[in-house]
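Colleague: Protein sequences, first through last, are from chains A and B. Reading the first sequence from the start, the letters are residues 481 to 933 in our numbering. Reading the second sequence from the start, the letters are residues 173 to 473 in our numbering.
In case anyone wonders, no lab produced these hints; they're calculated from the structure. Even for Gly, the Cβ is constructed at its ideal location relative to N, Cα and C. Just so you know, not all the hints are guaranteed correct.
[Stated by the list, open to error] In silico lysine-lysine, BS3-like type, Cα no more than 30 Å apart, as pairs:
no. : chain 1 : residue 1 : chain 2 : residue 2
1   : B       : 296       : A       : 540
2   : A       : 540       : B       : 209
3   : B       : 437       : B       : 219
4   : B       : 267       : B       : 209
5   : A       : 806       : A       : 522
6   : B       : 203       : A       : 540
7   : B       : 437       : B       : 296
8   : B       : 267       : A       : 540
9   : B       : 295       : A       : 540
10  : B       : 253       : A       : 886
11  : A       : 766       : B       : 219
12  : B       : 437       : A       : 886
13  : A       : 886       : B       : 295
14  : B       : 253       : B       : 267
15  : A       : 540       : B       : 253
16  : A       : 886       : B       : 296
17  : B       : 209       : B       : 296
18  : B       : 295       : A       : 547
19  : A       : 886       : B       : 209
20  : B       : 472       : B       : 389
21  : B       : 437       : A       : 766
[Stated by the list, open to error] Negatives, chain A to chain B, calculated, CB over 10 Å:
no. : residue
22  : 489
23  : 523
24  : 544
25  : 546
26  : 547
27  : 617
28  : 692
29  : 704
30  : 705
31  : 709
32  : 727
33  : 807
34  : 850
35  : 922
The chain contents come next:
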Amino acid sequence: MWRKVVLALIILILAGGIAFFVFKSEPRLNSNFESSHSFFKKFPFRLGLDLSGGSHLIYKADVSALKGAEVSASMEALRDVIERRVNLFGVSEPVVQVQESGFALGGDEKLIVDLPGVTDVEKATEMIGQTPLLEFKTERPADSPQEVKIGADGKAVLDLSSQFVNTELTGRYLKKATLEFDANTREPKVGLQFDDTGTKLFAQITKANVGKMVAIYLDGSPISTPVVREEITGGQASISGNFTPTEAKLLVGRLNSGALPVPISLLSRQTIGATLGDSAMNAGVKATIIGFLFVALFLILWYRLPGLIASISLLIFISIMLALFKLIPVTLTAAGIAGFIISIGIAVDANVLIFERVKEELRSGRTIVDAISFGFSRAWLSIRDSNISNIITAIILFWFGTSLIKGFALTLGMGVLVSMFSAITITRVFLGAISFIGESRVARFLFSSGLSK
Amino acid sequence: MFIIKYKKIFLGLSVFLVLLSLSSLFIFGVKVGIDFKGGALTEVVYKTERPEQLFLNQKLESLNFGSMLLQPTGELGYIVKSRDLNEAEHNLLLKSLALDGKNSLTEVSFNSIGPSVGRELTKKAIVAMILVSLAIILFIAFAFRKVSRPVSSWKYGFIAIVTLLHDVIIPAGLFVMLSHYYGAEMDTLFVVAVLTILGLSVSDTIVIFDRIRENLKNVSGMNKINFSEIVGHSVEQSYVRSISTSLTVILVLLALVFFGPVTTKYFALMLTAGMFFGTYSSIFLASPLLVLIEEWQNRKK
Chain A
481 MWRKVVLALI
491 ILILAGGIAF
501 FVFKSEPRLN
511 SNFESSHSFF
521 KKFPFRLGLD
531 LSGGSHLIYK
541 ADVSALKGAE
551 VSASMEALRD
561 VIERRVNLFG
571 VSEPVVQVQE
581 SGFALGGDEK
591 LIVDLPGVTD
601 VEKATEMIGQ
611 TPLLEFKTER
621 PADSPQEVKI
631 GADGKAVLDL
641 SSQFVNTELT
651 GRYLKKATLE
661 FDANTREPKV
671 GLQFDDTGTK
681 LFAQITKANV
691 GKMVAIYLDG
701 SPISTPVVRE
711 EITGGQASIS
721 GNFTPTEAKL
731 LVGRLNSGAL
741 PVPISLLSRQ
751 TIGATLGDSA
761 MNAGVKATII
771 GFLFVALFLI
781 LWYRLPGLIA
791 SISLLIFISI
801 MLALFKLIPV
811 TLTAAGIAGF
821 IISIGIAVDA
831 NVLIFERVKE
841 ELRSGRTIVD
851 AISFGFSRAW
861 LSIRDSNISN
871 IITAIILFWF
881 GTSLIKGFAL
891 TLGMGVLVSM
901 FSAITITRVF
911 LGAISFIGES
921 RVARFLFSSG
931 LSK
Chain B
173 MFIIKYKKIF
183 LGLSVFLVLL
193 SLSSLFIFGV
203 KVGIDFKGGA
213 LTEVVYKTER
223 PEQLFLNQKL
233 ESLNFGSMLL
243 QPTGELGYIV
253 KSRDLNEAEH
263 NLLLKSLALD
273 GKNSLTEVSF
283 NSIGPSVGRE
293 LTKKAIVAMI
303 LVSLAIILFI
313 AFAFRKVSRP
323 VSSWKYGFIA
333 IVTLLHDVII
343 PAGLFVMLSH
353 YYGAEMDTLF
363 VVAVLTILGL
373 SVSDTIVIFD
383 RIRENLKNVS
393 GMNKINFSEI
403 VGHSVEQSYV
413 RSISTSLTVI
423 LVLLALVFFG
433 PVTTKYFALM
443 LTAGMFFGTY
453 SSIFLASPLL
463 VLIEEWQNRK
473 K
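Bound conformation, chain A alone (with noise of 0.2 Å):
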């Protein structure tokens, strides 16, 4: 007896730390979001960008030119470029996914990019298409004119582009980029080799300016201006500009992701506003709210005591589950919103069958308590039964799905599995513990339903 109700407010501690785990770990329910600790802050809602705004790419790759065996390894390469570069631009949180062709369905190699917060696709789109600019440059003839221009502080600047002109050399050429450090000084340095076009066009140049300044450009400024002591025929050089190590490595990758592995095109694009995404999201959470409410309303109203219970119980699950959508994280999207209310809907389900059989034993003349236990047990395996059907459906739309669906069967899936531990396990401790209230005709009634006294 007592077991049971120590076993019913360890399980309500419990409950009530997820929710407290749930409520502390969302800036939009708690005020003192920013001053709290470091680990609630790990764990915010995962939004799609159907809630939060931004932007969804599809991008198809080319990978005609390929052997059937490369291809998988080059649209890894491909993604791990893309996701490079896009990290570069500083979304937060972007994802970069393949999307194989699968078996049985063909289609194309997909490579499929999704930037939160960003609705300037133009630009977007832009960078992930762009190879980083390695330029090469020389100093300019002492006899051709210059450019000063007047800085702020009255004296003459020498522009420092102006001093240089392009060469033919740029990273087109270049083989690979590794991460160096000076053998004497341990600065980083970012170690180049061309390949065999741009190792003579190297030696020609390093040639040619013995003695002179060669400037390293990137993307449009000058990061190092080495001055040249020998020509160098081995096609190899290296820049050292005062780098921290992640700076250098940050570059190394970028020049090594110079060139797409595939060439890429832009299939279809989604762009969704941030006011759009807000009230999408204001939207689910009301339904989520209101539709909790309609479902304890009816519970309490019909099954009564039970049916109380059940609505705790159904709070855990909910709990339970905002909890694991920030723990495991899944990515909420509408969708996904809708699997969550529905799997409220589809979690008392098993508390209706329950509550039923137990209706149906205390009028066969039982008392309370053995109502309670033959009532679960008798359940048990039509839920089992309804719920695989369920079960088997989320599997099958996970399997085969868009994102959009995967959102979808993701948390109805869960919601399912979740619902028939709670439903089961939760409602029974509960029940057992109020089992004291005894047998008098109150009790009965309260155990009673629908429109019975």
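Using the hints, position chain B against chain A.
Modeller: Just chain B now, kept in the frame of chain A:
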């Protein structure tokens, strides 16, 4: 039990609704959304005043993007439907809509889907539908393997599939009407709705059949039992829980229809209909059919 007694009336009602849905499907046809056929959808909201539709139509025609459809939305907005657009075309469209900058607007959403993506999604949707249907049929065969007398278990499965079709066809018919009168388009969510209804419908039918199965097991002496009485009795015992379980789902779905995001409105409405007719069919269609089949069996003997 009156359901068994008046089974022909209920069966007739179901047949009528299914025929109505099928004929509306053939008469109105389905509007396929850009998810499947490719195309672009641009939604803009004007800051102060939206231009006349006729005027804007002329403006858009001069772009030569093929056929375009302009629909007013909200107080100050328009939705433009066209073929899929690349970045340059998209910018031209926005410029035209803004009357070359004279009437400032914000772009709420832009969605451009290439035709090949649409074709692929169509394939995917069909594969998913076939797989879900197969899996559900296998599951039904598994769930009813133990019930075999006096009606063999594959007949339970057959009836479950008939009710399944019933539960999917009627909401689909409803959707066709919505699409005809309110411009709803068949998109990915439509497919998800159909598949979800499949899952929900079976689970509802199983609750009732499970009861019949249990009651049949309890009756000893196979020759004496009155099958239709047992079915009627089982329905009587379980219709309250069948309605209750569906009602909780319908309640949350209604919350989704009336308060939820715009994008899932038709989706939720379709599921509500699916849930409603799923419950109706498990009580008023599946059980009467079971009795009818048994009666035919006896007549043959």
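Colleague: Confirm or reject each hint.
Modeller: Each hint tested on the structure:
1. At most 30 Å may separate the alpha-carbon atoms for a hinted pair to count; residue 296 (chain B) and residue 540 (chain A) meet this at roughly 17 Å.
2. A hinted pair counts as satisfied when its Cα atoms are at most 30 Å apart, and residue 540 (chain A) with residue 209 (chain B) qualifies at roughly 17 Å.
3. Of the supplied pair hints, the one linking residue 437 (chain B) and residue 219 (chain B) holds, its CA atoms being roughly 27 Å apart against a limit of 30 Å.
4. About 26 Å separates the Cα atoms of residue 267 (chain B) and residue 209 (chain B), which keeps this hinted pair within 30 Å; it holds.
5. For the hint pairing residue 806 (chain A) with residue 522 (chain A), the CA-to-CA distance comes to about 9 Å; that is within 30 Å, so the pair holds.
6. The hinted pair formed by residue 203 (chain B) and residue 540 (chain A) meets the criterion: a straight-line CA distance of about 27 Å does not exceed 30 Å.
7. Using a Cα cut-off of 30 Å, the hinted pair residue 437 (chain B) and residue 296 (chain B) holds, with the two alpha carbons roughly 23 Å apart.
8. Distance restraint check for residue 267 (chain B) and residue 540 (chain A): the Cα-Cα separation of roughly 28 Å lies within the 30 Å cut-off, and the hinted pair is therefore satisfied.
9. Using a Cα cut-off of 30 Å, the hinted pair residue 295 (chain B) and residue 540 (chain A) holds, with the two alpha carbons roughly 17 Å apart.
10. Taken as a hint, the residue 253 (chain B) and residue 886 (chain A) pair is honoured in the structure, with Cα atoms around 27 Å apart against an allowance of 30 Å.
11. Between residue 766 (chain A) and residue 219 (chain B) the CA atoms are separated by roughly 28 Å; this keeps the pair inside 30 Å, and the hint holds.
12. The straight-line distance between the Cα atoms of residue 437 (chain B) and residue 886 (chain A) is roughly 19 Å, inside the 30 Å bound, and the hint therefore holds.
13. The straight-line distance between the Cα atoms of residue 886 (chain A) and residue 295 (chain B) is roughly 16 Å, inside the 30 Å bound, and the hint therefore holds.
14. For the given pair, residue 253 (chain B) sits about 16 Å from residue 267 (chain B) by alpha-carbon distance, which is consistent with the 30 Å threshold.
15. The hinted pair formed by residue 540 (chain A) and residue 253 (chain B) meets the criterion: a straight-line CA distance of about 23 Å does not exceed 30 Å.
16. The hinted pair formed by residue 886 (chain A) and residue 296 (chain B) meets the criterion: a straight-line CA distance of about 13 Å does not exceed 30 Å.
17. The straight-line distance between the Cα atoms of residue 209 (chain B) and residue 296 (chain B) is roughly 13 Å, inside the 30 Å bound, and the hint therefore holds.
18. A distance of roughly 25 Å separates the Cα atoms of residue 295 (chain B) and residue 547 (chain A); the hinted pair therefore holds under the 30 Å criterion.
19. Simply put, residue 886 (chain A) and residue 209 (chain B) have alpha-carbon atoms about 21 Å apart, close enough for the 30 Å limit, and the pair holds.
20. A C-alpha spacing of about 25 Å is found between residue 472 (chain B) and residue 389 (chain B), which places the hinted pair at or below 30 Å, so the restraint holds.
21. Of the supplied pair hints, the one linking residue 437 (chain B) and residue 766 (chain A) holds, its CA atoms being roughly 14 Å apart against a limit of 30 Å.
22. Against the 10 Å criterion, residue 489 (chain A) stays outside the reach of chain B, whose nearest CB is about 28 Å from its own CB.
23. Chain B leaves residue 523 (chain A) outside its interface by the beta-carbon criterion, the shortest separation being 23 Å against a cut-off of 10 Å.
24. Every beta carbon of chain B lies more than 10 Å from that of residue 544 (chain A), the smallest distance being close to 14 Å; the non-interface claim holds.
25. Distance to chain B confirms residue 546 (chain A) as a non-interface residue, since its nearest Cβ pair spans about 19 Å, more than 10 Å.
26. With 10 Å as the threshold on Cβ separation, the claim that residue 547 (chain A) sits away from chain B holds: the shortest Cβ distance comes to roughly 23 Å.
27. Separation of residue 617 (chain A) from chain B is adequate, the least Cβ-Cβ distance of about 31 Å exceeding the 10 Å criterion.
28. Distance check on residue 692 (chain A): its Cβ is at least 43 Å (rounded) from any Cβ of chain B, clearing the 10 Å threshold; non-interface status holds.
29. Remark: the non-interface label on residue 704 (chain A) is consistent with the geometry, its nearest Cβ contact in chain B lying 35 Å away (cut-off 10 Å).
30. The claim that residue 705 (chain A) is not at the interface with chain B holds, since no C-beta of that chain comes within 10 Å of its own (minimum 37 Å).
31. The beta carbon of residue 709 (chain A) is kept farther than 10 Å from every beta carbon of chain B, the shortest such distance being approximately 47 Å.
32. Against the 10 Å criterion, residue 727 (chain A) stays outside the reach of chain B, whose nearest CB is about 32 Å from its own CB.
33. With a cut of 10 Å on Cβ distances, residue 807 (chain A) stays outside the contact zone with chain B, its closest approach being about 24 Å.
34. Distance to chain B confirms residue 850 (chain A) as a non-interface residue, since its nearest Cβ pair spans about 19 Å, more than 10 Å.
35. Residue-level check passed: residue 922 (chain A) sits 23 Å from the nearest beta carbon of chain B, beyond 10 Å.
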